[in-house]
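**Q** For the protein sequence lines, the chains are H and V, in the order given.
The UniProt record's numbering puts the first residue of the first sequence at 1, with every later residue one more than the last.
The UniProt record's numbering puts the first residue of the second sequence at 1, with every later residue one more than the last.
Treat the hints loosely; a few may be bogus.
Per the computed footprint, the stretches of chain H lying under chain V, defined by three or more beta-carbons under 8 angstroms from a beta-carbon of chain V, are [to be verified]:
#: 1; stretch: 11–19
#: 2; stretch: 22–28
#: 3; stretch: 32–42
#: 4; stretch: 46–57
#: 5; stretch: 73–81
Please keep in mind that the hints were generated in silico from the structure rather than gathered at the bench.
Since the model is a prediction, treat every value here as computed from it, not as a measurement.
Glycine residues also receive a C-beta, built at the ideal position from the N, C-alpha and C atoms.
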Amino acid sequence: MTTITLPARCDRAAAMALFPDFVAAIGAEVLEVDARQAEQVGLAMLQVLVSAKGSFAHVRVMPSDTLREAARLTGLETYLLDEVAQ
Amino acid sequence: MTPQEIQQIFFVECEESLAAAEAGLAACQAGTQDDDTVNSVFRGVHSIKGGAGAFGYVALQAYTHTFETLLSDVREGTVALDEALCSLLLRALDTLSDHVNAARDGSDPPDDAALLAELTAAQAANRGGLAASVPQTEPEPFAAPVAAPAEAATDDFDLDLDSLLDTLVGPAADAPAGGDPAGPEWHLHLRPHAGAMQNGAEPLALLRELAAMGARCIACDLSQVPALDAFDPAQGYLGWTFALPARVAETDVLDLFDFVREDWSLSTGADAVIPPVRLAVAQSSASARTPESAAAPAPAQAPAPAPTAATAPAPAPAPAAIVAAAPSAPERASPSPQPSAAPPSPPASQSIRIDLAKLDRLIDTVGELVIAQAMLAQRLAGDTGSKDELAMLEGLTREIQESAMAIRAQPISSVFSRVPRILRELAASTGKHVRLEIIGESAELDKTVLERLGEPLTHLIRNAVDHGIESAEERLAAGKPAEGTLTLSAEQRSGRILIRIADDGKGIDRARVLQKAIEKGIVAPDAQLSHEDIDNLIFAPGFSTAQAVTSVSGRGVGMDVVRQNVKDLGGRITIESEAGKGTTFTLALPLTLAISDGMIVNVGDQTLVVPLTHVVESLRPAPGDVQGLGSSRQMLNVRGRFVPIVPVANHTGHRGEPIQPSEGVLIIVDTQALGQAALLVDEISDQRQFVIKSLESNFRAVEGVAGATILGDGRVALILDVDGLVASALGQNPGPGTVREAA
Chain H
1 MTTITLPARC
11 DRAAAMALFP
21 DFVAAIGAEV
31 LEVDARQAEQ
41 VGLAMLQVLV
51 SAKGSFAHVR
61 VMPSDTLREA
71 ARLTGLETYL
81 LDEVAQ
Chain V
1 MTPQEIQQIF
11 FVECEESLAA
21 AEAGLAACQA
31 GTQDDDTVNS
41 VFRGVHSIKG
51 GAGAFGYVAL
61 QAYTHTFETL
71 LSDVREGTVA
81 LDEALCSLLL
91 RALDTLSDHV
101 NAARDGSDPP
111 DDAALLAELT
121 AAQAANRGGL
131 AASVPQTEPE
141 PFAAPVAAPA
151 EAATDDFDLD
161 LDSLLDTLVG
171 PAADAPAGGD
181 PAGPEWHLHL
191 RPHAGAMQNG
201 AEPLALLREL
211 AAMGARCIAC
221 DLSQVPALDA
231 FDPAQGYLGW
241 TFALPARVAE
251 TDVLDLFDFV
261 REDWSLSTGA
271 DAVIPPVRLA
281 VAQSSASART
291 PESAAAPAPA
301 QAPAPAPTAA
311 TAPAPAPAPA
321 AIVAAAPSAP
331 ERASPSPQPS
341 AAPPSPPASQ
351 SIRIDLAKLD
361 RLIDTVGELV
371 IAQAMLAQRL
381 AGDTGSKDEL
391 AMLEGLTREI
401 QESAMAIRAQ
411 PISSVFSRVP
421 RILRELAAST
431 GKHVRLEIIG
441 ESAELDKTVL
451 ERLGEPLTHL
461 IRNAVDHGIE
471 SAEERLAAGK
481 PAEGTLTLSA
491 EQRSGRILIR
501 IADDGKGIDR
511 ARVLQKAIEK
521 GIVAPDAQLS
531 HEDIDNLIFA
541 PGFSTAQAVT
551 SVSGRGVGMD
561 VVRQNVKDLG
571 GRITIESEAG
581 KGTTFTLALP
591 LTLAISDGMI
601 VNVGDQTLVV
611 PLTHVVESLR
621 PAPGDVQGLG
631 SSRQMLNVRG
641 RFVPIVPVAN
651 HTGHRGEPIQ
661 PSEGVLIIVD
671 TQALGQAALL
681 VDEISDQRQF
691 VIKSLESNFR
701 AVEGVAGATI
711 LGDGRVALIL
721 DVDGLVASAL
731 GQNPGPGTVR
741 EAA
């Protein structure tokens, strides 16, 4: 299992910076994304998570309230965050 | 632009929104309750809510949500805006202001529980009979598989109360043409592109704005998001369909995207679909493809009718269900993704925001330019060939200076607008209800002066209400209306601005003031003081006549601070009071603190500057115009009126015999408290602009001196504090205990 920890500010710059980490993790059975510290979440980071969700067998996201709000706003709450409840 | 800068703009706009909302509520309270006024209040609160959500100020967003919900009821006309509700909304606005301050300062949010309960109660009282019918009547023709209603009802700030109301009161008359006028919702399909995420822009902020208008996401197209190996984090892949209440006009929604239309694709209408992905040109074509390996579902093959998904009451278990709720295939995109009803692009903005530090640098530079121009003029004084060019340079320099100062000028309404809140708070704490009259709020003065004016003004108002205006019972007994009146006025007069704070209260109780001053040892028991002298005792440090110390005023600190604050601004404060009729405080302030016009005069071996704002005229008296008074004073007969002569040399440390009035020049000056006086100087050498440099910060405060400046020849000249000098010369300012002139 590979764990990627998201920073407090998950804006476009953070998405660009972390994207290579996601790519490097390809092949892992499970990707865990620790987003508990995320205080600001932008579309770019959401898209990276969506792409990751489609690239791994299992992606478990540990969301912050902010990430959950952003996911809810964009209709992605179930898609991105459901697995955390499992 | 950095996120911090954007955030800063948000807070500036919060102030504007608060001011607009307060003005609207004040108008409502005064009886103007038309749609425009109510809408202006709603818009103000709504914009703050949108920004609060975008920047993650949860407490602010939660508070504004409740506030906005009630305002929405008011806007819809489902609740009457009576006096009690106006009062509640004004208090709610005050707390909203506190919330904004807390968000800006990073401090704890205010305790809003009680107020929220009041707002909710006011809303519930309005909607009490309606709530029960909502579940039965709420149609969900496009039920979103992405949002669980129960969760939204408990957790989501953007709970769509507006659309619930729509189902009860019917759609607004201005329902968008593209939607079903009889239906409760219409759909907006949208997709941001790469540019929407550049330069600090954040698409989610706009989606939050949409949500704040009552929109909710009913479908998210993630079919275009490639797997990681083909993904480009700079591109925009996701697209959505949002449902909006019918009462939300399409043009209002599209206005949100006015400035980003290039970077978003939008479509509306019954046949519209989510616009296609538009990859940035610089990106490789590989990024555009949707690899088969991607787990994201393929684009919908057909515009699946919404009811199919609509009937699903809970989130579908498979991701595909989330994706396929709306058709989104690029090939099915509307040939014209931009809505046909899109309004034309707005004209270019007529204003820009400027960092104040940049403006200050400009002002400083202009100040140096003024000095350099003066030096050049002095250097070329004898060169007649340069006369025209020098005159032109002087004119241009003045024009630049005035233009630069005008940039900093702001209407005093920005300070006056805070007063209603102060009065509301005072009414709550003292029980005294005061009517406010404002005159001349469009008068402008320098931003720095304005910023530093707030504190003394607040104290004077608190003082007027606490000490000046009587209780309702006392007023009625005195034959006055139960409600007191506070009048704020501002007017420009000869380069200064006069601000008056007048109350119609009981006036200063001079006997008690004098008694208190004697008790405190501020004045001698046998001191003979005029009414003005006694009035000015209230500015003495530590003076207080309050029967009891209150939270409002009466601690004996404050009025002396007020005087000092005004003095620091280069201004003066005077009092006029009449027993039983009220008290007026007059603040005379400079319009700007940086550059002024002055008369350059010589006194002995010194060169001094007399600010032109005080100068009435200058003359050489005939011998018969000057008459002696007492042993040492002289008076000047100015067209039948006698004006005291003040030999400036007596106050400059001049050694030797001062010149006689007939040998020099007399400059008639206006003073704030003592009327006119004639300053005796040796000669007037010039009249020009001067850049004010603080003597206090560079040396120390000197009585009779307002500051210093650099002359064209590089010498430093002192700027006379005309009011202080005259007061001192006429023996009217003997000490802090018997202050006649307040500053």
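**Q** What hint numbers does the structure not satisfy?
**A** Hint check: nothing fails, all pass.
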